[in-house]
Amino acid sequence: NAGVTQTPKFQVLKTGQSMTLQCAQDMNHNSMYWYRQDPGMGLRLIYYSASEGTTDKGEVPNGYNVSRLNKREFSLRLESAAPSQTSVYFCASSEAINGKAFFGQGTRLTVV
Amino acid sequence: GQQVMQIPQYQHVQEGEDFTTYCNSSTTLSNIQWYKQRPGGHPVFLIQLVKSGEVKKQKRLTFQFGEAKKNSSLHITATQTTDVGTYFCAVPNDYKLSFGAGTTVTVRA
Chain A
1 NAGVTQTPKF QVLKTGQSMT LQCAQDMNHN SMYWYRQDPG MGLRLIYYSA SEGTTDKGEV
61 PNGYNVSRLN KREFSLRLES AAPSQTSVYF CASSEAINGK AFFGQGTRLT VV
Chain B
1 GQQVMQIPQY QHVQEGEDFT TYCNSSTTLS NIQWYKQRPG GHPVFLIQLV KSGEVKKQKR
61 LTFQFGEAKK NSSLHITATQ TTDVGTYFCA VPNDYKLSFG AGTTVTVRA
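Going line by line, the protein sequences match chains A and B.
Per this note's numbering: the first sequence = residues 1 to 112.
Per this note's numbering: the second sequence = residues 1 to 109.
Rather than coming from a laboratory, the hints here were simulated on the basis of the structure.
All values reported here derive from a predicted model rather than from experimental measurement.
Nothing false has been slipped in among the hints.
FRET-style restraints, in silico, Cβ to Cβ:
{"hint": "1", "chain 1": "B", "residue 1": "GLN58", "chain 2": "A", "residue 2": "GLU95", "range": "15 to 25 Å"}
{"hint": "2", "chain 1": "B", "residue 1": "GLN9", "chain 2": "A", "residue 2": "LYS14", "range": "32 to 42 Å"}
{"hint": "3", "chain 1": "B", "residue 1": "VAL55", "chain 2": "A", "residue 2": "LYS57", "range": "32 to 42 Å"}
{"hint": "4", "chain 1": "A", "residue 1": "ASN62", "chain 2": "B", "residue 2": "ARG108", "range": "33 to 43 Å"}
{"hint": "5", "chain 1": "A", "residue 1": "GLN105", "chain 2": "B", "residue 2": "TYR95", "range": "17 to 27 Å"}
Footprint (simulated), chain A over chain B, 3 or more residues, beta carbon under 8 Å:
{"hint": "6", "region": "44 to 51"}
{"hint": "7", "region": "89 to 100"}
Ideal Cβ placement from N, Cα and C applies to all residues, glycine included.
Build the full structure now, drawing on both the sequences and the hints.
Spelled out as structure tokens, the structure:
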């Protein structure tokens, strides 16, 4: 049982480059989330999707876009990467909004 | 949205000792969740508390929800090296979960 799968696990980007972080869950969950984690700041919500077909901004959405491709997949796109986006990114899913969340392994992104 | 404060931010514990970490909110909470993240790992769900005054135990971990449902605590007895990591509380905030900044626990053998 894979749970939540994120790709890639590591990535180095140059300032201004774009990339998409992929996330897929196999638990038939309705809600999916993207968080970023920076030292001393806990987990901050970037975007979330309460159900298939909907997406909403979280606490720190600037510089990011998301796509809920289908019930399983929720991608995060950085259109023009900046050094401030250097972080660890976690995708998570839950059966219902605010329910028990299952996290992926994380993507460690460095923007130089 | 609801904010939660976790204290302490860091906890250095001698192996075998007990410690407690706290999560405090200025508003009444419908429920609270606790997660653990091992160094280099991802957050893993531990427990959810819903009822006022609720106490739940998982082996050496005791979770409590305050009577007013504004605070929660995690107490670990006889700390072991396997307890190393960061413990987060998370609370519903509009239509999403908001996480506290976490308590990072290190253990001296």
